[in-house]
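Chemist: Each chain, written out:
4 protein chains.
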Amino acid sequence: MSYPAPIKDSAPNNPDAPRTDMLADYRRVRTLSEHLCEPLAIEDYMLQTAAEASPPKWHLAHVSWFFETFLLRPFLPGYRVFHPRFEYLFNSYYEQTETGFWPRPERGLLSRPTVAEVYDYRHHVDAAMERLILEAAPTQWAEVSARLGIGLNHEQQHQELLITDIKYNLAYNPLYPAYRPDLAQAPVADPVPLTYTGVEGGSVRIGASGEGFAYDNESPRHEVLLRPFRLADRLVTNAEFREFVDDGGYDNVALWLSDGWGQIKTHGWRAPLYWRASDEGWQEMTLAGLRPLNPAEPVCHVSYYEADAFARWAGKRLPTEAEWERAAEGRAVQGHFVDDGVLHPRPAAAGPLQQLYGDCWEWTASAYLPYPGYRAVEGALGEYNGKFMCGQMVLRGGSCATSQDHIRASYRNFFYPHERWQFKGIRLAEDA
Amino acid sequence: MSYPAPIKDSAPNNPDAPRTDMLADYRRVRTLSEHLCEPLAIEDYMLQTAAEASPPKWHLAHVSWFFETFLLRPFLPGYRVFHPRFEYLFNSYYEQTETGFWPRPERGLLSRPTVAEVYDYRHHVDAAMERLILEAAPTQWAEVSARLGIGLNHEQQHQELLITDIKYNLAYNPLYPAYRPDLAQAPVADPVPLTYTGVEGGSVRIGASGEGFAYDNESPRHEVLLRPFRLADRLVTNAEFREFVDDGGYDNVALWLSDGWGQIKTHGWRAPLYWRASDEGWQEMTLAGLRPLNPAEPVCHVSYYEADAFARWAGKRLPTEAEWERAAEGRAVQGHFVDDGVLHPRPAAAGPLQQLYGDCWEWTASAYLPYPGYRAVEGALGEYNGKFMCGQMVLRGGSCATSQDHIRASYRNFFYPHERWQFKGIRLAEDA
Amino acid sequence: MSYPAPIKDSAPNNPDAPRTDMLADYRRVRTLSEHLCEPLAIEDYMLQTAAEASPPKWHLAHVSWFFETFLLRPFLPGYRVFHPRFEYLFNSYYEQTETGFWPRPERGLLSRPTVAEVYDYRHHVDAAMERLILEAAPTQWAEVSARLGIGLNHEQQHQELLITDIKYNLAYNPLYPAYRPDLAQAPVADPVPLTYTGVEGGSVRIGASGEGFAYDNESPRHEVLLRPFRLADRLVTNAEFREFVDDGGYDNVALWLSDGWGQIKTHGWRAPLYWRASDEGWQEMTLAGLRPLNPAEPVCHVSYYEADAFARWAGKRLPTEAEWERAAEGRAVQGHFVDDGVLHPRPAAAGPLQQLYGDCWEWTASAYLPYPGYRAVEGALGEYNGKFMCGQMVLRGGSCATSQDHIRASYRNFFYPHERWQFKGIRLAEDA
Amino acid sequence: MSYPAPIKDSAPNNPDAPRTDMLADYRRVRTLSEHLCEPLAIEDYMLQTAAEASPPKWHLAHVSWFFETFLLRPFLPGYRVFHPRFEYLFNSYYEQTETGFWPRPERGLLSRPTVAEVYDYRHHVDAAMERLILEAAPTQWAEVSARLGIGLNHEQQHQELLITDIKYNLAYNPLYPAYRPDLAQAPVADPVPLTYTGVEGGSVRIGASGEGFAYDNESPRHEVLLRPFRLADRLVTNAEFREFVDDGGYDNVALWLSDGWGQIKTHGWRAPLYWRASDEGWQEMTLAGLRPLNPAEPVCHVSYYEADAFARWAGKRLPTEAEWERAAEGRAVQGHFVDDGVLHPRPAAAGPLQQLYGDCWEWTASAYLPYPGYRAVEGALGEYNGKFMCGQMVLRGGSCATSQDHIRASYRNFFYPHERWQFKGIRLAEDA
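Chains as they are written, first to last, in full-length UniProt numbering: chain A, 1 to 432; chain B, 1 to 432; chain C, 1 to 432; chain D, 1 to 432.
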């Protein structure tokens, strides 16, 4: 099984592409969402085992609602909405749309519309979108194509969520069902040794370069002062994290942030999210089912608290987002992405600054805050990023569930420090 | 669409029937469960919108687990369980089985086994049960047939729960999907006038007569003293309950039990569970979808608190369970049951003591407690009824979702006073 | 230290007594409330460690509010309330008074009025009440004296709550402070053997006899049928309950009601409320502080669930309230009451039907429901008893914290089955 | 009433002062804590109406426990602890002390030790501390005096908490009791016009200068890049915030961070914490009781969410902590502090950059994170600041409840964005 090949300079990152390229890209992105759902049973489409892990059915509908709301209704003359209540059911959190929305923790409590009806909805939206892409008035094209770029990147983000939510929801089941038992697996092995690459300090510029698509939260590009530092050449491995566990890491309060310790006490955390103790040692729940923990693979599905505690235990620290971006800038966006079809982080190769892109999102020591001079977009689309700029931490680099053409050096992902269900790992840093 | 005809003197109420009759009855009962699920979409099978409203898929599996646990494993030589984890997933609350059970509020959080797999499970159990019924050793037959009677009555109880849970779960959806839009509806009309029938007091005997099947909680038959009383000839109607609502019943604290008032304040109750205010007046969610409230139909889906408050408002009271049984004894078990295929309570005919059976369960003023001399069955089956004898109230008479051959004069149903999702109505009484 | 001597045929139970007797009784009852608080530090007066355990300061004010609301405001011309907001702060649960009330769980969150101000409030009410008792118009006297009877019995009930709440609140403190370290203690001893007394069945009359004061919930007197039974001659002892504990009683699900088992799982119950495991064996928190468990004393501070489970373990059952009253009727109201000044249940003497009164309230197997023909008083005073007739169980006989002249054979106390903070014990029964 | 005069170059900020100066300073700081409690009733000492608002009694004991734990036990030979359980009762959150601690939300549930006993505890610690200060071995003096500086600054922080917790706890009472009705009040007036002062950008150094006492979280001093900006010359006033309220600020979702909007929906916020709507317009609860809102006074007791929303509404933004420090550095620490004895923020005078110190803590747009190169102290004292570096926001400048000699340009205070009970206000900024 392999996923549709990405187009070079693909349209989601290039709003100036010809309309036929845009159309091809629209089709490619939309197809991948459905492709990712092919291994699911109808029952899996409806599953929601935590407020943040939405049902696949909901994702498929929500991304279509996004096109309907921000493109078809304002820009396609005569467009008829598929169902009058879907804007209530499939809006996620856009308060300014004024219809309100069905509560997030209850997305799994709706058996209707059925999966078949949701696919009908998608195809209704697709037909209209194709017309809009080809027929939008030239005077509206700048706005339409800009929103199309957001819509496709938005759907790519939900493709990653589809994968992580399916994983979370299936892992909740004591039968440990596999999403795709056929997924490729790396051979069990020892990791390559951990080395560091030094990076110079000084005044550097970070933020969106202005070439290609970027979210508003990557702007404006601005100058920051960095001290020289050293960055680990690969992600922390399962082998290393197991040492932390064996050393009593989860019992040693001196390693933990106060809120992290509270989390441990409340939820009884003893290991990363998908580790399971068994008579044969640690196992890990993956999208291919339960399997022995591979020491060479990056540790994954850890919270910020765990990343921070591990770094303290190791005598290191996490990098800031500026340090990460400084190290990544100018390097090719290469790594293990959703495009590989493996859906699991893989062991690092030897060499400097491996795994910067793909495999696991990397927790940084930076709070998610506006860059100096940041301005959110006007209207409901302005809620996309700006209203979350409080209480969350920045992650960088994408994961094995991210599309390769979705990620870049300036990309800022953000989650609350306790959240673990994304593919999140740890890269260490230290002062030079 | 019609349901399988019940057999007269059917086996669930007659453990001494010939084995072929027992087999026919087993098939008839088991078939009805699947029949009731035919109108469902796959997605509906998995839905659980409240802890007490289990997914249809779970009901179908649980009743099969019951046969597997209490009949096949102990009595059928060489029986192989269908799946080693199903006893954990599909046990409901039998603590003494020692495997534990999956938490009740999370029955809807399992997409696997799929619906198809659950049907396979049922058919696996059916094949084995048919063998057991025909081939069980004569020395074991008394115990096997007694348990078979419990197993079939148990499945009939879950058939009622299937219906009430499907109703609850679909009503949660803002699209108000119908389970079966084709269900027959009574014409909108005025109710027949409310009259009362006097019943003599004195020392009377209540409890299981010893003929036919009865649960342990109906025994022993014993004497109680009754004062003369008068019992309403029909259930309270929607028209009458709407008067109570219009008179500010839900705002008048003097009408309510303390716990009931707390319930109103906490949950904002303003009407029975399925009433919905609309621009065209009150509507009611039914298994055929949303429709205008029919004044002649019995008010349904009310809590004990509402039944008690209504009776106080009306200057009457609820009957005790002994009064109800006294009035019902000797009368034919006739009324509107699941067998009718209407699945909604219907307007009463004129005449004395109408609707005693079927239509709606009737809240009594009696707490669910053991009868004098009650002894629970030994072992896990003893958990069936006895361990719930605290904090609940008795209901009598069956409903439009009950099988006709499941109900009798001595039958004691029980629910917590706040629960509303069963077909529960109100019959008034007063001192003579 | 000794408490004021009770007056024979005291006024709270005799509304026809001369006004000077009524006045003497008013003073006697009011004095005892303050007397009970003498050992308290100012800080203890404000303490509330659970929603149901009100601060002593609140009790002292609430019982005064009761006189102010139901006697002084309606009947004493020109009466001025002490403070306009006190009716909001010190109403307990009378919804029909329409001023609302401060939330019960937050009674300990008010430092003002201070303790001194609450005593001023009491004395303000006392001065007015003395005038009312002596000067009320003859045409109003019947109503005034009836309400006075309720008011004094009400204050006696709160005296018991004062004691049980002080005990609960101090026991919450890890320093285990004693309320009165000087309280008398029974010598550690073995209990007298457990024997039973047979009681005949038949049709008997229970309920208030019409002589002396009784609450509305004891009426009307009515006939019930009893089967012959045997009643234990004393309460279950600590020694016997320790056997149950040692036998794994709290781990054996087969002994427990479903709701009781849920309570154990949720709250981790392993013993009665005030038992504390220590290196020297079980200790018990008392109003005199922590001390070794005395095997001869009655087990106390158990829930209905524990009483019921113990009886099941012992192969017995709890008596019904009718059985208890049948056995108690005609016997003198003698035993260990608050009047003794010991404030702890004491070992039983040998002989038939000991400890029926005093020592510990006795859980019965009867739900708290209205007697046939029960009518609540009109208006807010009708909330006193009637609105609680759902979900609670009846207890009989009074305790070591009850006033001797407050209790009688027909007295019905009631609590939720999980509640343990009153002095509640166990008397066993069995069928003859 | 006036507070003890601060000593110039006082010891808490000067560990190299002579021992007699240190002793004088110890006495001065310790005295102020007791002085602040003088207006309290005994009952007020025990009050805790929210998890974060500890009882005064607890504060008085906890700061003494701090000296006992970090100074007397390790450094004073032969020191005997006052009570063996006090380390359990009065530790706040130091997990590494290994005795555990009484749960924070339940500090108000302990009537013992009494207030008098807590004062005895203080005096016991004081006597020992005086000996330690004068007699500590020269080889230990460096460590002792460093910890003494922390201990005194710690007590000063709890003096501010004493004031804010007393305010919160009394404001919970519907009688609105005043802590001190005699406190001076500013005349009701119009505020001075709002002007801005421009500040140059560039590379600047922030953090502790190395002179005088500073907490570890102010280090290391380091360089940051700033763009030119303009800072408001005074705090936002009640008049301005009332405009925001009147303009529907609390109903306009576009103004709010996502978490802030959730807070509004959950808690029903409609105004700052202590504003109360009345028939005569807005009133404000103060330590002198309820009084009309003064338009010229700074708005106070707002959350970060409200500060951020107000700034957005005003078309401005909050300053970063580096901007604030840049503007404050070199200016004298002058303003309205606890030393004034007013305990309420006061109207600003005209002129550039007024109110930087005192009156209200100023929310900054900076998350509370470690400075580059930050190292926490080893051991339990290292928990003081470092473990909170996640999820909180920085505030600067001190308040009317802060001691003047406690504050400085580099001082970093931090709270969760939803917290309002401290004296927190708003200073606006904008890009130049």
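Fair warning: there could be bad hints in the mix.
[As the list claims (entries may be wrong)] With a straight-line cut-off of 30 Å between C-alpha atoms, the simulated DSS-like cross-links for lysine-lysine are: (1) C:K265 / C:K316; (2) A:K316 / A:K265; (3) A:K265 / D:K316; (4) C:K265 / B:K265; (5) B:K316 / B:K265; (6) D:K265 / B:K265; (7) C:K265 / A:K265; (8) D:K265 / D:K316.
[Stated by the list, open to error] Short, incomplete list of chain C residues facing chain B, as computed with Cβ under 8 Å: (9) P220; (10) V224; (11) P228.
[Unchecked claim] Partial pick of chain A residues on the chain B-facing surface, computed with a CB cut under 8 Å: (12) L47; (13) S92; (14) R112; (15) E243; (16) V245; (17) L381.
These are calculated hints, taken from the structure and not from any lab test.
Think of the CB as a built atom: it goes at the ideal place given N, C-alpha and C, for glycine as much as any other residue.
Chemist: Against which earlier hints does the structure fall short, listed by number upward?
Modeler: Structure breaks hints 3, 9, 11, 13, 15, 16, 17.
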